[in-house]
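Enquirer: Sequence:
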Amino acid sequence: VMFTGSTEVATLLQRNIASRLDAQGRPIPLIAETGGMNAMIVDSSALTEQVVVDVLASAFDSAGQRCSALRVLCLQ
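The sequence shown maps to residues 1 to 76 in the UniProt record's numbering.
Bear in mind the hints are in silico, worked out from the structure with no lab data behind them.
Glycine is no exception: its CB is placed at the ideal position from the N, C-alpha and C atoms.
Treat the hints with care, as some may be off.
Quick list of the computed label-pair ranges, beta carbon to beta carbon [claimed, not checked]: (1) A57 - Q24: 41 to 47 Å; (2) A46 - R20: 44 to 50 Å; (3) L75 - L13: 36 to 42 Å; (4) E8 - V53: 32 to 38 Å; (5) I28 - V53: 38 to 44 Å; (6) Q65 - A18: 26 to 32 Å.
Please construct the entire structure, taking both the sequences and the accompanying hints into account.
Expert: Here it is as structure tokens:
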């Protein structure tokens, strides 16, 4: 089972498939992407122009709906 969404739903899926086996008697694997708090750290050696491009692309491409979208920006 492959899932992208909330941690709450991933936990429900895990509980529901934990006792089930596939046709060969093996446990059914769960691959869950539940997002995260993705950060970018920018120090004083970074090129300002490149930082602006990368921050905007990471945070706002796909309207910020990607699970890998930038959520935290740390500037030195």
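Enquirer: Is the distance from the Cβ of I28 to the Cβ of V53 consistent with 38 to 44 Å?
Expert: 42 Å, holds
Enquirer: Between Q65 and A18, is the Cβ distance one that fits in 26 to 32 Å?
Expert: With Cβ atoms ~29 Å apart, the hint holds.
Enquirer: CB of A57 to CB of Q24, is that within 41 to 47 Å?
Expert: Cβ of A57 to Cβ of Q24: about 44 Å, so the range 41 to 47 Å holds.
Enquirer: Taking 36 to 42 Å as the stated bounds, is the beta-carbon spacing between L75 and L13 within them?
Expert: 38 Å, holds
Enquirer: Does the Cβ pair E8, V53 satisfy 32 to 38 Å?
Expert: Because 35 Å falls inside the window, the suggested range holds.
Enquirer: Just to be sure I understand the hint, the distance between the Cβ atoms of A46 and R20 should be within 44 to 50 Å; is that true here?
Expert: About 49 Å separates the Cβ atoms of A46 and R20, which means 44 to 50 Å holds.
Of the hints listed earlier, there is not a single one the structure fails to meet.
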